[in-house]
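Model the full assembly from the supplied sequences, consistent with the hints where possible.
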Amino acid sequence: GAGVSQSPSNKVTEKGKDVELRCDPISGHTALYWYRQSLGQGLEFLIYFQGNSAPDKSGLPSDRFSAERTGGSVSTLTIQRTQQEDSAVYLCASSLRQSEKLFFGSGTQLSVL
Amino acid sequence: AQSVTQPDIHITVSEGASLELRCNYSYGATPYLFWYVQSPGQGLQLLLKYFSGDTLVQGIKGFEAEFKRSQSSFNLRKPSVHWSDAAEYFCAVGASTSGTYKYIFGTGTRLKVLA
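As given, the protein sequences belong to chains A and B, one line each in that order.
For what it's worth, the numbering used here labels the leading residue of the first sequence as 99, then goes sequentially.
For what it's worth, the numbering used here labels the leading residue of the second sequence as 7, then goes sequentially.
Simulated from the structure, these hints should not be mistaken for laboratory data.
Please read these numbers as outputs of a predicted model, since none were measured by experiment.
Cβ atoms here follow ideal geometry from the backbone N, Cα and C, with glycine treated the same way.
Heads up, a few of these hints could be off.
Stated by the list, open to error - Using 25 Å as the maximum straight-line C-alpha spacing, the simulated DSS-like pairs for lysine-lysine come out as follows:
| no. | chain 1 | residue 1 | chain 2 | residue 2 |
| --- | --- | --- | --- | --- |
| 1 | A | LYS199 | B | LYS55 |
| 2 | A | LYS115 | A | LYS155 |
| 3 | B | LYS74 | B | LYS55 |
| 4 | A | LYS199 | B | LYS67 |
| 5 | B | LYS55 | B | LYS118 |
| 6 | B | LYS67 | B | LYS118 |
| 7 | B | LYS55 | B | LYS67 |
| 8 | A | LYS199 | A | LYS155 |
| 9 | A | LYS199 | B | LYS74 |
Claimed, not checked - Beyond 10 Å from chain B on every Cβ pair, some chain A residues (computed):
| no. | residue |
| --- | --- |
| 10 | ALA100 |
| 11 | VAL110 |
| 12 | ASP116 |
| 13 | ASN150 |
| 14 | ASP154 |
| 15 | PRO159 |
| 16 | ARG162 |
| 17 | SER164 |
| 18 | THR168 |
| 19 | GLY170 |
| 20 | ARG179 |
| 21 | SER185 |
| 22 | SER197 |
| 23 | LYS199 |
| 24 | LEU211 |
To be verified - Quick look at which bits of chain A chain B covers, simulated, 3 or more residues with Cβ under 8 Å:
| no. | region |
| --- | --- |
| 25 | 118-127 |
| 26 | 136-144 |
See below:
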């Protein structure tokens, strides 16, 4: 595709349920990033992939959060046993190589009731 | 640890007035610096970036930023603001640590433009 695609654009879930958020990066981009954007909190780094490996998982808030990337392309961010504090916009970005500019998706607005 | 500070959460300017958004960073080496803009209902878009060389960099939409190593700053400027510039602006530093690379963002500055 022409840009970074994220799905779903909106997700409403009940506390305690699991959710999966998907990111399709720009074709050929080797670096992929997940960020979380909460009101007044800026962009919080979650995880970074170079190819299929995740050399930096330091930003994942808890062990309820996990992510994978397959085929050097699509990535899935999974949140298990969602909590209300997980409500935020989850942004995915990709770049051709590390240190290059990021291309962002439109994000997934997650609401945990 | 690397960090980015945007001291102004909200800024309001009149259309046609000049604008300066402040950004300070903390990073041990020569940083890669970026400004992104997030317009209402849209994704983040790169305005400009600094890697090396000329410390005054030009970006899209008439924006420019100046890297000042002595002040650890990378302030964004525009001589004359347009109503369409109302958005949230994020400063970011690209940091390489232990073989990995991450972008650290500030908390953003929300710009309001008065007609």
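Against the structure, the hints:
The straight-line distance between the Cα atoms of LYS199 (chain A) and LYS55 (chain B) is roughly 8 Å, inside the 25 Å bound, and the hint therefore holds. With a C-alpha separation of about 23 Å, the suggested pairing of LYS115 (chain A) with LYS155 (chain A) holds against the 25 Å cut-off. A threshold of 25 Å between alpha carbons decides the hint, and for LYS74 (chain B) with LYS55 (chain B) the separation of about 14 Å falls inside it, so the pair holds. About 17 Å separates the Cα atoms of LYS199 (chain A) and LYS67 (chain B), which keeps this hinted pair within 25 Å; it holds.
Simply put, LYS55 (chain B) and LYS118 (chain B) have alpha-carbon atoms about 23 Å apart, close enough for the 25 Å limit, and the pair holds. For the given pair, LYS67 (chain B) sits about 16 Å from LYS118 (chain B) by alpha-carbon distance, which is consistent with the 25 Å threshold. A hinted pair counts as satisfied when its Cα atoms are at most 25 Å apart, and LYS55 (chain B) with LYS67 (chain B) qualifies at roughly 14 Å. Of the pairs offered as hints, the one joining LYS199 (chain A) and LYS155 (chain A) holds, with about 20 Å between alpha carbons and a cut-off of 25 Å not exceeded.
Restraint check for LYS199 (chain A) and LYS74 (chain B): the C-alpha separation of about 21 Å stays at or below 25 Å, so the hint holds. Interface exclusion of ALA100 (chain A) from chain B stands, the closest Cβ pair being 12 Å apart, more than 10 Å. Non-interface call for VAL110 (chain A) relative to chain B: holds, since the shortest CB-CB distance, roughly 19 Å, exceeds 10 Å. Even its closest Cβ contact with chain B, about 26 Å, leaves ASP116 (chain A) beyond 10 Å, as expected for a residue assigned away from the interface.
With a minimum CB-CB distance of about 15 Å to chain B, ASN150 (chain A) clears the 10 Å threshold, and the non-interface call stands. Not every CB of chain B is more than 10 Å from the CB of ASP154 (chain A) (nearest about 4 Å), against its label as outside the interface. Listed as a non-interface residue, PRO159 (chain A) keeps its Cβ farther than 10 Å from every Cβ of chain B; the least gap is roughly 16 Å. Non-interface call for ARG162 (chain A) relative to chain B: holds, since the shortest CB-CB distance, roughly 21 Å, exceeds 10 Å.
Even its closest Cβ contact with chain B, about 18 Å, leaves SER164 (chain A) beyond 10 Å, as expected for a residue assigned away from the interface. At roughly 20 Å, the least C-beta separation between THR168 (chain A) and chain B is larger than 10 Å, which holds for a residue marked as non-interface. A cut-off of 10 Å between C-beta atoms confirms that GLY170 (chain A) is not in contact with chain B; the least separation is 16 Å. Every CB of chain B is more than 10 Å from the CB of ARG179 (chain A) (nearest about 27 Å), matching its label as outside the interface.
Distance to chain B confirms SER185 (chain A) as a non-interface residue, since its nearest Cβ pair spans about 18 Å, more than 10 Å. The Cβ of SER197 (chain A) sits about 5 Å from the closest Cβ of chain B, inside the 10 Å cut-off, so the non-interface label is violated. Non-interface call for LYS199 (chain A) relative to chain B: violated, since the shortest CB-CB distance, roughly 5 Å, does not exceed 10 Å. The beta carbon of LEU211 (chain A) sits about 23 Å from the closest Cβ of chain B, which is more than 10 Å, so the claim that it is off the interface holds.
Counting residues of the region 118-127 of chain A whose beta-carbon sits less than 8 Å from any beta-carbon of chain B gives 0, not enough to reach three: the coverage restraint is violated. Counting residues of the region 136-144 of chain A whose CB lies closer than 8 Å to any CB of chain B gives 5, so the stated coverage by that chain holds, three being the minimum.
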